[in-house]
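Dock chains H, X and G against chain W, hints included.
Protein chains: 4
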Amino acid sequence: MFSITSRVYYQDTDAGGVIYHSKYLDFCERARTEFLRKHNIEQTELAKKENIIFVVRNLNIEYVASGKLDDLLEITVKITNLIGVRIFMEQKILRKSDNVLLAKLIVEIVTINQEFKPVRMPQELKEKLLS
Amino acid sequence: MFSITSRVYYQDTDAGGVIYHSKYLDFCERARTEFLRKHNIEQTELAKKENIIFVVRNLNIEYVASGKLDDLLEITVKITNLIGVRIFMEQKILRKSDNVLLAKLIVEIVTINQEFKPVRMPQELKEKLLS
Amino acid sequence: MFSITSRVYYQDTDAGGVIYHSKYLDFCERARTEFLRKHNIEQTELAKKENIIFVVRNLNIEYVASGKLDDLLEITVKITNLIGVRIFMEQKILRKSDNVLLAKLIVEIVTINQEFKPVRMPQELKEKLLS
Amino acid sequence: MFSITSRVYYQDTDAGGVIYHSKYLDFCERARTEFLRKHNIEQTELAKKENIIFVVRNLNIEYVASGKLDDLLEITVKITNLIGVRIFMEQKILRKSDNVLLAKLIVEIVTINQEFKPVRMPQELKEKLLS
Chain W
5 MFSITSRVYY
15 QDTDAGGVIY
25 HSKYLDFCER
35 ARTEFLRKHN
45 IEQTELAKKE
55 NIIFVVRNLN
65 IEYVASGKLD
75 DLLEITVKIT
85 NLIGVRIFME
95 QKILRKSDNV
105 LLAKLIVEIV
115 TINQEFKPVR
125 MPQELKEKLL
135 S
Chain H
5 MFSITSRVYY
15 QDTDAGGVIY
25 HSKYLDFCER
35 ARTEFLRKHN
45 IEQTELAKKE
55 NIIFVVRNLN
65 IEYVASGKLD
75 DLLEITVKIT
85 NLIGVRIFME
95 QKILRKSDNV
105 LLAKLIVEIV
115 TINQEFKPVR
125 MPQELKEKLL
135 S
Chain X
5 MFSITSRVYY
15 QDTDAGGVIY
25 HSKYLDFCER
35 ARTEFLRKHN
45 IEQTELAKKE
55 NIIFVVRNLN
65 IEYVASGKLD
75 DLLEITVKIT
85 NLIGVRIFME
95 QKILRKSDNV
105 LLAKLIVEIV
115 TINQEFKPVR
125 MPQELKEKLL
135 S
Chain G
5 MFSITSRVYY
15 QDTDAGGVIY
25 HSKYLDFCER
35 ARTEFLRKHN
45 IEQTELAKKE
55 NIIFVVRNLN
65 IEYVASGKLD
75 DLLEITVKIT
85 NLIGVRIFME
95 QKILRKSDNV
105 LLAKLIVEIV
115 TINQEFKPVR
125 MPQELKEKLL
135 S
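Chains as they are written, first to last, in this note's numbering: chain W, 5 to 135; chain H, 5 to 135; chain X, 5 to 135; chain G, 5 to 135.
Excised from the complex, chain W in its bound form (with noise of 0.2 Å):
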């Protein structure tokens, strides 16, 4: 399973003393990210290329318990299906210091252009994201 480990900082946190909700998000994005670099995939190369860009298109996000200031983080990705224009993902969120999971994220990705079209992912970027 791939994962980047990530800390909380004071910038990642709110007034109530935890991880701000939406920030979850940008921590899932910088592991989606790394996933993407691991298989070869690099978006400003695939951006200027091959005129593909990858979007969010759904995103449910289930939050379980609260990260806190100073805690380092795994945050995991897994491609659960690849159909068409659409990637979808499960990416877990885990306190690392005691494997607690904090939040789960199901996340439908798109590829589009940059005039905002769909465009069906070509074989080999397929082959490179199930590699």
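Any given hint could turn out to be false.
Which copy is meant is left open, so a pair is good if it fits within one copy or across any two.
Heads up, simulated DSSO-like pairs for lysine-lysine below, C-alpha to C-alpha not over 30 Å straight-line [to be verified]: (1) 108 with 53; (2) 100 with 52; (3) 96 with 130; (4) 132 with 96; (5) 100 with 121.
Simulated from the structure, these hints should not be mistaken for laboratory data.
Showing chains H, X and G alone in chain W's frame:
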């Protein structure tokens, strides 16, 4: 229907030229907070006096169209259900100039105390919310 | 003196219970953008039609007092100098309820083109800014 | 010289195609926190056990070149002075691939307690910082 308007600034956009996907959650939080204020609920006071905090428990967002720099947004808030410790809300983010729907959010809010335990909403709070 | 008002939401605060320090820059950007709009300058159009982008070149911020959740802020904008490719502005962030100064910003803006080269402001743009 | 590396993700960029200007402060906070941790100072503990919080009092940032999506950044931290309640630090943000300087930050940190009053650093804290 309750709504607020909010402008899209550089800080809300990303290198794709559109609103960054987690920022929609931030716009929605602003709208919910103003919705609460309009119902005479100020979160700072509620935390101090009643030891009640609203936290997001679950959230689903569908991204329908892309908001851009300088767009004026309208963000709506509607309570769809309210039971025990849970408030369910539906929110829409629209581009005000042509009323196009950009995103639709369904959010489940839970009332907890500062020890992060769920607490049932006092009757008075419920009445304010539904007033 | 030009100013806007803006509310402090959870998204603007951190676990210290106050506005996170970089968020003051975001409030200031909103005020500068509305200042420009009031002088009939819309940045999206300026970029498209005149290939001119405003970027921050240097910034100094003094933090005087701490803003908190639910505070209503007033953010001012004043041009102090305008020469060649540079605009110097002074901005204050005040708590509106008691007019206490929270932070003071001095910012140097430079006009560049999409190739990131400095470009002198057209006379018309200068006139709008000083109108 | 202490430094950390950090990747530039979509969340750090804006519609100008570059890192949004306030995000440099966020990268710098991450570096300062890791600098503290390396000197055996964890801010959560320091707040709980010693009632000492670090806050930014003044900050100057010069933007030299534009960071972009997918850049790998190196962020340095150096204490330049430490006296009474004040710590002065110099930080650089460099693009790691070619060592180009993107921004330079000078920051004054003040130690306060939870009542927001300045408190002199205990000798032990000073020694840790300078070790």
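*asked:* Hints numbered earlier in the text: which of these fail when held up against the supplied structure?
replied: Going through the list in order, the structure violates hint 1 alone and respects the others.
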